[in-house]
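Given the sequences, and given the hints that come with them, work out the whole structure.
Just so you know, the protein sequences line up as chains A and B, in that order. With the numbering used here, letter number 212 in the first sequence gets 212, and the count goes up by one each step, no holes. So the mapping is simple: the numbering used here equals the position in the second sequence, first residue as 1, plus 1000.
I should point out that these hints are in silico values taken from the structure, not numbers from a laboratory. Just so it is clear, the structure is predicted and the values come from calculations on it, not from any experiment. Fair warning: there could be bad hints in the mix.
[Claimed, not checked] These stretches of chain B come out as covered by chain A in the derived footprint (C-beta under 8 Å, 3 or more residues):
#1 1014–1023
#2 1103–1116
#3 1129–1137
#4 1152–1160
All C-beta atoms, glycine included, are put in the ideal place defined by N, C-alpha and C.
Number of protein chains: 2
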Amino acid sequence: MPRTRAGRAPLTRDRVVAAASDVADAVGTQRLTMRLVADRLDVEAMALYRHVADKDDLLDALAERVLDRLNDAAAQLPGPAPGTPWTAVARERVLVAREVLLRHPWAPRLVHERGTMGPATLRWFDDLSAVLFTGGCSADLVHHAMHALGTRAIGYNAELLDVTPTGAEQDGEEMLSAMSAMSETYPAITRMVAEIAHDASTTLGWCDDQAEFEFGLDILLEGIERRRAAGGDGPPSGATGLSP
Amino acid sequence: MPRTRAGRAPLTRDRVVAAASDVADAVGTQRLTMRLVADRLDVEAMALYRHVADKDDLLDALAERVLDRLNDAAAQLPGPAPGTPWTAVARERVLVAREVLLRHPWAPRLVHERGTMGPATLRWFDDLSAVLFTGGCSADLVHHAMHALGTRAIGYNAELLDVTPTGAEQDGEEMLSAMSAMSETYPAITRMVAEIAHDASTTLGWCDDQAEFEFGLDILLEGIERRRAAGGDGPPSGATGLSP
DNA sequence: AGAATGTTGTTTATCTTGTAAACACCATCT
DNA sequence: AGATGGTGTTTACAAGATAAACAACATTCT
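Laid out in structure tokens, this is it:
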């Protein structure tokens, strides 16, 4: 049994990356420093360099680690009942990935920043591609689909419209007054917000991220399936007059 | 006429941000330092701090600046001919944004990293929302649509599948051999690549980013329009059996 | 005009962070 | 036992952001 003095378990690349994951959970990727990771392992910062080439390498490994988790989660899934349409299979896969990703708020950004294309990422895309192939999609269509899904393929949608209320209490009153001030400058947004806020159908006061995610995912899967059924990778005939 | 000694034009926040944009064009956002920006203005680094609070503030301003350019470009667009479907109008807007964004390779990542929600961003989304409203979309649908489009709304699709060949020459021969080595581990990806590479229909050896972008965009617009026509924001009836 | 004041860029200094280099400790092999 | 190799530590430094004091000019007030 390998032991370093004082009975400490020996450092390994895996333990280093795991510690980095903990640190990221605690303070985010931005504030992650080599010293913080080392501290968590009760070790000096320089010790990490025996196991990772440099910080970049560590972050890459961290991103890959997350993808590993996605693959783990996907492997847990029961095989689909016979006759299940491929869209449902893909959908479930992506949603499971999302569950995992949401446990690490920093993960989407990190994975995206470092265009990680390691074994874990390849495995993920390979399995997802296989689902589409099995569903009868052509190679071209599978390819397009992977691009179209983008980060959604791993359960995350990069968006700007994160209108998550910032800090201060938003008690409807105050918000509406702020809104009316904006209504001349941004009439469409104001209208959108006002009408949505009006009927309380939305689960959470504002945007139900999960619902929005599924909305976009379903449109994409639906569109891909239509193209498959139409037998090509162009738009299905009788579509809505897009792509002039 | 305000003049500093030696006849240098005075620094302004705008000039600082413009310089930062130049530096970013030259070396990317990652390597952008305050000193580099200062150098470009023939000034000491600390001088910048009279005009921006700190580096974060500068980067935020830089992101907003890009969005300003999108708005400029959109303002150039001729009004749509009467009777043009809203999808075509939205499509053109988004594609114009893309043209602008592609002039600054660093822009997408930057804009995404800092969830910029300044005036320029609001203007962009307000104008785009207005297009959907005019097309007859409900407030709910507009809202969903903005989320579904995600970064695509500003002409950029965050994706992982950036299989841009890395550096070395890929002369088909060598690539295929590498592929066959992978074919056991990643059969679906291998199949996809092989079949696509086979017919040379793809413009650039690999992925035509523009085509992929439009593919995804069209699916989304099409799906949104179908939901509008169906009169709700749920999936249109008679769809393909998604969303169980 | 001349002094007070404000503005804007400069100098100097500090703190954080990544990482190289040399070193120290321990285990195993000869 | 002595050599060797792997692993963590200490020391040291360079890059970069930024605070603080300062300098030079412009503007304003008397």
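These are the hints, each one checked on the structure:
For a cut-off of 8 Å, the count of residues in the segment 1014–1023 of chain B with a CB near a CB of chain A stands at 0, and the three-residue condition is violated. For the segment 1103–1116 of chain B, the proposed coverage by chain A is satisfied: 6 residues have a C-beta within less than 8 Å of a C-beta in that chain, meeting the threshold of three. Evaluation of the coverage hint for the segment 1129–1137 of chain B: fulfilled, as 3 residues show C-beta separations to chain A shorter than 8 Å, against a requirement of three. Beta-carbon proximity to chain A at under 8 Å applies to 6 residues in the segment 1152–1160 of chain B; the threshold of 3 is reached and the given coverage holds.
In the structure shown, a violation is registered for the earlier hint numbered 1 alone.
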